[in-house]
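Chains as they are written, first to last, in this note's numbering: chain A, 96 to 291; chain B, 96 to 291; chain C, 96 to 291; chain D, 96 to 291.
These aren't lab readings, by the way, just hints derived from the structure by calculation. It is possible that some hints are incorrect.
For chains that are exact copies, the list does not tell them apart, and a pair is met inside one copy or across any two.
To be verified - Within a straight-line C-alpha distance of at most 30 Å, the following computed DSS-like cross-link-like pairs (lysine-lysine) qualify: (1) K288 / K126; (2) K247 / K288; (3) K247 / K126.
Number of protein chains: 4
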Amino acid sequence: MSLSELTDVLTSLPGLGPRQARRVVEYLLRKDSAYRERLAALIAGARLEVSECTRCFRFDAPSASGLCRTCADGSRDASLLMVVEHDVDIDAIEAALTYRGYYFVLGGLLNLVKQRKDKILRTRELLERITPEVREVICALAATPEGDYTAKELMTQIRAARPGVAVSVLGRGLSVGAELEYADPETLRSALKNRG
Amino acid sequence: MSLSELTDVLTSLPGLGPRQARRVVEYLLRKDSAYRERLAALIAGARLEVSECTRCFRFDAPSASGLCRTCADGSRDASLLMVVEHDVDIDAIEAALTYRGYYFVLGGLLNLVKQRKDKILRTRELLERITPEVREVICALAATPEGDYTAKELMTQIRAARPGVAVSVLGRGLSVGAELEYADPETLRSALKNRG
Amino acid sequence: MSLSELTDVLTSLPGLGPRQARRVVEYLLRKDSAYRERLAALIAGARLEVSECTRCFRFDAPSASGLCRTCADGSRDASLLMVVEHDVDIDAIEAALTYRGYYFVLGGLLNLVKQRKDKILRTRELLERITPEVREVICALAATPEGDYTAKELMTQIRAARPGVAVSVLGRGLSVGAELEYADPETLRSALKNRG
Amino acid sequence: MSLSELTDVLTSLPGLGPRQARRVVEYLLRKDSAYRERLAALIAGARLEVSECTRCFRFDAPSASGLCRTCADGSRDASLLMVVEHDVDIDAIEAALTYRGYYFVLGGLLNLVKQRKDKILRTRELLERITPEVREVICALAATPEGDYTAKELMTQIRAARPGVAVSVLGRGLSVGAELEYADPETLRSALKNRG
Chain A
96 MSLSELTDVL TSLPGLGPRQ ARRVVEYLLR KDSAYRERLA ALIAGARLEV
146 SECTRCFRFD APSASGLCRT CADGSRDASL LMVVEHDVDI DAIEAALTYR
196 GYYFVLGGLL NLVKQRKDKI LRTRELLERI TPEVREVICA LAATPEGDYT
246 AKELMTQIRA ARPGVAVSVL GRGLSVGAEL EYADPETLRS ALKNRG
Chain B
96 MSLSELTDVL TSLPGLGPRQ ARRVVEYLLR KDSAYRERLA ALIAGARLEV
146 SECTRCFRFD APSASGLCRT CADGSRDASL LMVVEHDVDI DAIEAALTYR
196 GYYFVLGGLL NLVKQRKDKI LRTRELLERI TPEVREVICA LAATPEGDYT
246 AKELMTQIRA ARPGVAVSVL GRGLSVGAEL EYADPETLRS ALKNRG
Chain C
96 MSLSELTDVL TSLPGLGPRQ ARRVVEYLLR KDSAYRERLA ALIAGARLEV
146 SECTRCFRFD APSASGLCRT CADGSRDASL LMVVEHDVDI DAIEAALTYR
196 GYYFVLGGLL NLVKQRKDKI LRTRELLERI TPEVREVICA LAATPEGDYT
246 AKELMTQIRA ARPGVAVSVL GRGLSVGAEL EYADPETLRS ALKNRG
Chain D
96 MSLSELTDVL TSLPGLGPRQ ARRVVEYLLR KDSAYRERLA ALIAGARLEV
146 SECTRCFRFD APSASGLCRT CADGSRDASL LMVVEHDVDI DAIEAALTYR
196 GYYFVLGGLL NLVKQRKDKI LRTRELLERI TPEVREVICA LAATPEGDYT
246 AKELMTQIRA ARPGVAVSVL GRGLSVGAEL EYADPETLRS ALKNRG
């Protein structure tokens, strides 16, 4: 029965477990057919409304240039390139109102254990994106083992391919609300090093 | 842009918040068009594959009789009718391997504060379902204020309309893992009453 | 140094971990000596102010009879004896305002894995307490594996030693706030059995 | 009855609530008198075994010099002075194995709303401790509103009283395990500023 296939596909979406997928299926069945058809049309047509930026691989409204809003904005600082995992990370950085350089969406992180087969990881495209005007690549990845491992790999590859380019990672430290007593040694070392 | 409409619709699904909806959208955009079209087809066609049982209102594979598997099963105990809120509650009860009567899906609970406009609540259909062979209606609703209030209302209406039918609610008591010291007085009273 | 011994002893108290014990030590050091001496006097003299009831082993204000308030209250139902683990469980049951029998404080639970050396478990005293007027012993222990195992052992011993006495356990069921969908099968079976 | 006074005093200790205090009281009553007397002696005599360092106000084993281990250690970097709230914070910093300067225990934080009457805050003693050899004072306080407010006040006072001394705070940034998407703007700004 295709309902169980629907449940399986919903379970594969990020953040949905089997129980929640079944609640969503029951919810969809209870709504009228116009609701289901509208949702289906929105999903089927999702990519028609957006275009993947040819420079940073972020999704945005299509443009004649093939570039997203940010890449098309010539007033930003072309010497800085920030590598993020997901599109949503760009929104978080923009909300901090401090970064004025460009972005690059890596699409995923290196897996410490094994490579998942559908993994996106645009390492080659990243190296091509590091044009001569880029002076620093900022690896803005998660402060997790996978994020650290990916950043380390990127650093190695960038330094080999583009020796003159600086590669940095986001600073570690006390996050807002943290108390010293409960902080781990690595965070304290970074917090001490980054004091100011 | 229809992507923000897609995000809004996804946010309206049970258990998804705005942040999770945006992750799902990004995920959908990253998949190929065959994936999106398959998911859309499954959603649009969901109701074609199932039929709402004409007796208990549960969704199941369509049958010539219009009845779900359980209602079509003549070997169950027709004197017992259990009222549940959702289809998924039936799965939970069946997994406990102890109930042999029939079910009725109420579709929702009475709201203590105000009535939501899209609320399903099949009180009238429930009263019609209580045929002479039904001897007991078991209100198997959540142990929450809304569940208690709905059960109380159902009891009043069933007793008025079908005076000879017993109406019961599920027993309260210590749930697995509970310690006495932290149990609330109502739970302790029920646990004491239901000792055995 | 005796401060580390103080930290160790505090860590052995129920609910305190090493980190919390060290915070308490620093707190005690910061207070004046009158505070520390008052706390020390209260701890050293704690037992002088209370007496262990000679019938139920609960701590209460000393009395000429050697009995606690409850055991000295002749108006309660002498046919009911409730076995609890701790003194505090009696407070929880009394707060539920429904039980009118007597109590017995077992002092601990049987350990499924190994016996801790300082374990209190007054099984022998319990059997002596089951006088001819006791008609039912209610095992009001935690709904945990250890509580269930202890209740089972008590049942076996009571039935062997006092064949005419009923032995019961508190009822299981939906605890306040529970939703059917998330309840475990054992809880649902009990809730169904104890419906009413 | 002094048992309720004992419960009250225990409830006033850091990290203990009324329920936990009652469990501790019952535990103490169940132990033998030797246990209670030992605990009482350890509490009453706690201060006899330690001495408050006359330079940093930390508690440590008494010494002829009146100084704690760290302050007595002439091999550390006398140009650095780290201000912490509690003794336990020193243990956390030492565990990070990177700081080689001296400490000063402030004893508390400024309260944003109102001053608690038993508040310790050794601002005056801190200013006296900033001898000519101190080149930098590091305010290593919690990353909370109270910690930030206290650090700001200390900075103002130190800069006024010791104009040549640098005053710094610990760096903010992504703490270990953090994902960009969920980081607050202030943390992201610091993480970006402290990249390296």
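From the Cα coordinates, with 30 Å as the cut-off, is the pair K288 and K126 best called within, between, both, or neither? neither (56 Å within a copy, 35 Å between copies)
Is the C-alpha distance from K247 to K126 at most 30 Å within one copy, between copies, in both cases, or in neither? between (49 Å within a copy, 27 Å between copies)
When no copy is specified for K247 and K288, does a C-alpha distance of 30 Å or less occur within a copy, between copies, both, or neither? both (20 Å within a copy, 20 Å between copies)
When each numbered hint is compared with the structure, a violation occurs for hint 1 only.
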